Every structure is written in structure tokens, then in C-alpha cells.
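**Q** Model the placement of chain C on the given structure of chain H, informed by the hints.
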Amino acid sequence: MLSPYRVVDLTDERGVLAGQMLADLGADVIQVEPPGGSSGRGVAPFFADRPEESVYWAAYTRGKRGVTCELDHPRGRELLFRLLEDADFLIESSDVGRMAALGLDYGSLHERFPQLIYTSISAFGQTGPKAHYVGSDLAIWASGTPLLMTGDDDRPPIRVSQPQSWGHASGDAAGGSMLALHARHQTGRGQHVDVSAQVSAAQATLGQVLAYQLGASEPERFAGGVKQRGIGFRVSAEAANGHIVLNMAPGPAVGHFANHAVQWLVDIGAADPSLLEENFRTYADRVASGDADPEIFPQIQRIMTEEVVKRSKEEMLEISIKYDLLLVPVLTIVDLAESKQLEARQFWREIEDDDGRRVTYPGPPLKIFLDGEPRSGDTRPPPKLGQHNDEVYGELGLSATELSSLRSDGVI
Amino acid sequence: MTTANNLPDGNGPLAGVKVLDLSWIVAGPTVGRALADFGATVIRVESPIRVDTARVVGPFHGDLPGVENSGLYGNVNAGKWGLTLSLNVPEAQDIFRRLVRWADIVSESFTAGILARWNLDYPHLRELKPDLIMLSSTLLGQTGPYNQVSGFGSQGAGMSGVQYLTGWPDRSPAGPFGPYTDYPAPRFALTALLAALDHRNRTGEGVFIDQAQAEGTLQLLAPALIDYLNGGPALDARGNDDPQMCPHGVYRCRPPMGRAESWVAIAVADNDQWRALAEVIGANPELPLAHRREIQKEIDAAISAWTSTRFVSEVEEALQRVGVSAHRLSTTEDATNDPQLAHRDHFRRLPHSLHGETVIEGPRYILSEAPVEPARPAPQYGEHNVQILKGVLGLSDAAIEDLAASGALS
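In order, the protein sequences belong to chains H and C. Quick note on numbering: the numbering used here labels position 208 of the first sequence as 208, and the sequence is numbered without any gaps. Quick note on numbering: the numbering used here labels position 333 of the second sequence as 333, and the sequence is numbered without any gaps.
Chain H with its partners taken away, still in its complex shape:
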């Protein structure tokens, strides 16, 4: 879909997903690295069979072409300008101020490349009192408020063990860039898209970031559930071989799922059939008016917990589908790799690189159909350092002599 467009991707590990999102939609994305390699090539984990090769970098450069270009060198900057002549997007995630120091910030480039959409990803944004703060996954998650809401209430708050902050920011960078493309269709001009990872992280709070200003109570962390006004509600329960997530509560929005759970418990003989007469969509109101027994729901919760722990999480998923419960297994990385659902949707893609090595990757994030026909979603392997220098710079019309001169100057 985005095949007419070219992206010059200057990001490091902090923004590298953004360009991939555009590549997965068909854009020609050129990952530009310094000749010594991006700092992203040093980010863990590393391939089991190639301990010098970053899985992280491979994960997010799949689908792109790769060139090297030393932006600290004047000839490198000239080379970048050549690249930008044919580019629609530039995406960067360097420390705030670095691009300006090189004369490559939006303000410096806009006049020369008025159509260029220039997207900057940073921890806190390009301007403001914290623009020069040192960012990190953990500090960003802290500043956007989700960190304080997460974890066991008797221990310090925790993040997700696979860092998330820059991924959310990169996702916003891709969306913001596309909005700027539509603006360009209107005005003919590119513009600057300023993404703050702090703001992106605030998305991960289910709107609770607004709590104080609405006069609502501060959310509190509670392991395996939520806590409201000091009362914890667990949604996680133990199965025979791991955990499940179960939302079972009375109320108009979800009470019918509790009714379904009672049906299952009655069918397996764990609950008395008389409980089928209770309707949990209206239960809370009837408890309040004294027309229903407040002990019934806790009793069902107890029986449910006792029955779940006897069964595997896979068995519970089958029961959940059959009875329409709000219950799913807590999948581990191993479970995901073996997931029948992901297999049926051909989510995993084995991609062969130029050395003939086959590596399995998650496929594109969406299944897309054009005029009713599925897009292939096929994708190229992650580029090795400078792999497409000759190809890409050749397309720009650079001669072999020029390329070798750039090489000897340490530019590529």
C-alpha cells in the first residue's frame, strides 16, 4: 500500500519499530547506521547460535534495506541529503539536540526538503523542561504513570520484563507520520512530528492518567487484578499447570459471563442446579435492595477456584469457548510459540537470509486484503551492516569510484 513512499530511517534501538511498521505496509525503508553499526546492534538478547548478533535489532529491522552513513562527517551529511532528495519520511530517535548540532534538525532541513515529513522520537519530546532528561524504558514508564499502577502491593512497582516504552512511542511515530502524509496531500508540505514516549506510555493506563483531574481516586497496584478504593479484585487464578485470567463479576456489562460459569459448574456437578435461577446481570441491584443473597456470588467464586485448579489451562480455554466465559490462559513465551491460533493464522514467518540461515520471526501485525485479495505480507530479512550500500547509493547515481572514495573516507 505504501510502495510509492521512501523512508530514511535514522533511528537507533529507541525508534526502530516505527520504520518497520511502514515497511510492513509496503514502504521502501532504508535503515541508516553509522559505519561502526547502530547502538541497537548491542541490545540484548543475542542469537543462541550467533552470540554477537542482536535479536532485538534483527526483530525490528526485518523488512528494511540497510546502508551505512557517517553523519559526523561532512561527506556523510552530503550523502544523507542525496538520500533525502527521493525520500518522503525521515525518522530519528537520537538524543534531543544531536540532530541540531549536526545541522540536520527539522528547522535546518525543511527549507531544502519542503516535502519531507520529519518524525522525531524522544523520551519526553523535543522541547520543554524535561526535553534533555536522560530517558530509559523504566523512567519513561514511570513518568507516564503506568509503572506505579503495576505490581504486587507489598513490593516496589514493576515494568514488563520485555521493555515496552519505546515500542509504544514508535507505534505513535508511525501513526503521526501517516497523518503528516495526509496533511501533505492537502498542503504539499512536509512537517515535523514530535513524539514523546512519556505521552505514549500514558496510553497504557486505561484512561486512569486522568483520575486526579476528574476527582476520582488514584489507582493502586494489585498483583493479578485491580484495587479500587483499597479493595483488591483478583482476576488471576491458578490452574493445574500455570495460571488463567478470569473476569467473573456481577453487573450489567459482564454478569452474563458469570451466568455462563454457573452453567458449567452445574453441568459438571460442582454447583447446585438451583443456582441457575440467579441472574448476575441484575444481582448487584437485588443484593442492594435485599432481594438477593450476598453470599451467593462469593460462594460461586470459591467453587470456580476449586474447579479451575484441578484442570490444565488448555482444558480451561476449551471450556471457556464452549460456555462463553471471560477466561483465558496466561500464556508463556513457550505457549505462544506453540499456539494453535497463531499457527492457523500463519503468524510465524521463517525467513532465509543471504547466508542461507533460516530464522523465525513474528509476521506482520495485520492481515490486509486489497480489493478482496490478501496481501502476501512477505518480508525481507534484516540487513547486515551496510548490506545495501551499493544497491541504494547506486540507485542514487553514485559511481563505483565515488563509493570507494566514501569508503576510504570512512563515510560508509
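Bear in mind the hints are in silico, worked out from the structure with no lab data behind them. Note that the coordinates shown come from a computational prediction; the quantities given were computed from them, not determined experimentally. Don't take every hint at face value.
Claimed, not checked - Residues from chain H that face chain C, not an exhaustive set, calculated with beta carbons under 10 angstroms:
{"#": "1", "residue": "L17"}
{"#": "2", "residue": "F81"}
{"#": "3", "residue": "R155"}
{"#": "4", "residue": "D335"}
As the list claims (entries may be wrong) - Distance windows between CB atoms, simulated:
{"#": "5", "chain 1": "C", "residue 1": "D345", "chain 2": "H", "residue 2": "E391", "range": "13 to 23 angstroms"}
{"#": "6", "chain 1": "H", "residue 1": "E391", "chain 2": "C", "residue 2": "V67", "range": "30 to 40 angstroms"}
{"#": "7", "chain 1": "H", "residue 1": "G97", "chain 2": "C", "residue 2": "E357", "range": "32 to 42 angstroms"}
Claimed, not checked - Covered stretches of chain H (in silico footprint by chain C; criterion: 3 or more residues with CB under 8 angstroms from a CB of chain C, positions within the stretch not fixed):
{"#": "8", "segment": "91 to 100"}
{"#": "9", "segment": "257 to 269"}
{"#": "10", "segment": "365 to 379"}
Backbone N, C-alpha and C define an ideal beta-carbon position, used for all residues, glycine too.
**A** Chain C only, in chain H's frame:
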């Protein structure tokens, strides 16, 4: 480019783009919110019977639950026009089909198969409008053996691995805050919809997008998945531990008056940052990463000893001044007073007919030449029914009365 008498175009890059938003809760509505922010005309179609869960989840105005009080609903639906339709009523289906002809984009998040039951799924809608762009977004996607799994609450976190990966090694998973798959999914969907719109405008081709929200979250776990799939270890939850950073954690600070606790996040990425931190807290500055990892507990204790007697504002400032990544764990009160979020004008106050005023978040990015001013708060139930039925479809008062009598609207 006037869409209709009573539904004015918005301002911005998407002015004139028409969106029919049937999605609910968070993942889908967040996409419609972004489209509305940047000028699209978005009609949010809601069931008058099945309450959108976002309406019964807080934060609530004044902490008071109520279907018109939810700050979550308000945040993901601001700028849209509200229409109630009972899609199981034939007259409502008819209205819906007419609105599809009006729309450029249809966004929906029904359980896979539900729209097909009413002949309103993509193959049917495509017959009505061949160049339609349609997003169907569910937890696990339109196809596959588990496409019927109901996905809200915390189901997404469980099915995407994030529940499992948020916790301590010696405890059951704690899980992230809320339905995690709702956070990455809108980014992938929005980007693809905007690409689809561009594609349609150039080629005239319609586009269908099948989104499994969990598969979006898996993109953010890609390194862990690829590692395991290619012979590496399977990642488990590890608290705040990081293999390449030390110290790396959350440390207790001196709570200000009226607060039970106060925390700071500190992440040290390299030896220079460690030297800077060590000088501030009075530790040995010449310790390489491997050594620091060995004595991590001692380092954590030394940092805690230093932070616990200080207010978090002082800690954050002292460490950032010397180039160490540190930030308070903001409460939502802290976020309200955060000078950086204020600088970005992140919180937007809007007049509201029930609450006097409400507050929503601004857009997630700043476009230098496309400023966003959300035009109106999220619609109340059926708030714009008449305006939409008259203005967009040209229905007469009598036709609207007949429609109401059929049960299509309530």
C-alpha cells in the same frame, strides 16, 4: 466539502474523511478518536442495550460510577458524533447500510462472525461500496480455532504473554495494568487505516484489515519470541531486573506529607552513568557492569539508603543533573502537575453539558502544522441521533418517529 447540513467537516489533514465507528471499549475507539482529532467526521455507533464496558469502567467524574461519567469513555470517544442503533433490528440494519454508503472507513470490533449473521460483514458491505475501507479488530483475529474467544478485561494480557512477563520470579504473575492489548493495537490499526486511505485515494481499491490485537502486542515482545523460536531461552518475568543495566530498579523515597509511599525509577545504562551515580550516593565509581550485577543487592541497598531520606523531586533532579536516567513514579496527581506534560498541553479541558467541564488527553504526538483542538466531548447516549439521521441520511421527522417505533434506536 460539506458532508451534510448538520454534520460539519472537521479541521485538519483528514477533513472530509467519513468514519463509521462501531468498535467498543478501548482498542477500536482509540483509533476513531485519533481520526476525529485530525479532522475526520466520525460517527460512533453504539448499542442502546449492550452497555459499552468503557462506560462502566472508571475513572469516573467525582468517583461516581455512571454511564455518562466515565473518563475512559470520554477519553477514547472525544470529537465523535453519537448514534444508537440496535443492529439486530432490521430497520437499524437498513440505516447502517445507508451509513456505510456515506462512509470511507468502517471500524468494528464485534466477535468474529456476528456481523455476518446480519449480512453486514465485509463481503456484504463491499457489495454496497466496493472501495470501502474496513477494520475488523478482535483479540485473536477473524480466523483460527480460537477466533471466538471473548476478549476484554485482562484477557488480552493473558493471551499475549504480557500477563506472564510482568511479575517477580518467586511469585504468581502480577500482570500489567488493564487490558494490555488495547494499548499497542490502536497504533498498528491507525497506521494501516491511514495507509489504506492513501492507497484507496490513489488506486480506487477497497481495503479490508483483519486485526488480532494480541498480534500487535506480540510485535512489542518480538525479541523475546524470536530468541526462543531460534534456540534461545524462554524469557520469564524478572521484576525490574535488566541484563544490560545495573543498577536498574524502583527505589523508595521519603513520602511527602499526606502520601503513604513515594518511588523513583533509576536506570544506569553504562559505566559513565554509574560513575556519576556513585559519586552522588558515595559508592565505588570504578565497578564494571558484570561486577555491579554480582553485588546488585548491595548496590540497591546503598541507593535505597540514599533515596529513602530524600524527597523524590530532589532525587530526580540530582540524578538527571549528572546524566543518570531517573524519574519519579508519577501518580495521576503528579502527571497533572508535570511541567513537561503541561508544556505539551497534554491535558485538554472541554465544556460538558452534564459535568460543566471534562478533561481528556491530547493527541499522542505534536504535528508542527496540524494543531489539534478536540471539537467536542464524547457523545452521550444517542446524543446526535436526530442530527445524524436528518443531516446525513435526510430522514424526515416522521421517518425518524417510525424508526424509533421499530426499536432500531433504543
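**Q** All hints, please: hold or fail.
**A** Against the structure, the hints:
For L17 of chain H, the interface hint holds, the least distance from its beta-carbon to any beta-carbon of chain C being 7 angstroms, beneath 10 angstroms. The restraint placing F81 of chain H at the interface with chain C is violated, with a minimum CB-CB distance near 21 angstroms, outside the 10 angstroms limit. Because the closest C-beta pair between R155 of chain H and chain C is about 7 angstroms apart, less than 10 angstroms, the hint holds. A hinted interface residue such as D335 of chain H counts as satisfied when its beta carbon comes closer than 10 angstroms to some beta carbon of chain C; here the least separation is about 8 angstroms, so the hint holds.
At roughly 44 angstroms, the beta carbons of D345 of chain C and E391 of chain H sit outside the given window of 13 to 23 angstroms. Our hint of 30 to 40 angstroms for E391 of chain H and V67 of chain C is violated, since their Cβ atoms are close to 58 angstroms apart. Look at G97 of chain H against E357 of chain C: about 38 angstroms separates their beta carbons, and that is inside 32 to 42 angstroms. Requiring three or more residues with a Cβ within less than 8 angstroms of a Cβ of chain C, the coverage given for the segment 91 to 100 of chain H is violated, as only 0 such residues are present.
Counting residues of the segment 257 to 269 of chain H whose CB lies closer than 8 angstroms to any CB of chain C gives 1, so the stated coverage by that chain is violated, three being the minimum. Beta-carbon proximity to chain C at under 8 angstroms applies to 8 residues in the segment 365 to 379 of chain H; the threshold of 3 is reached and the given coverage holds.
Against the hints set out earlier in the document, violations occur for numbers 2, 5, 6, 8 and 9.
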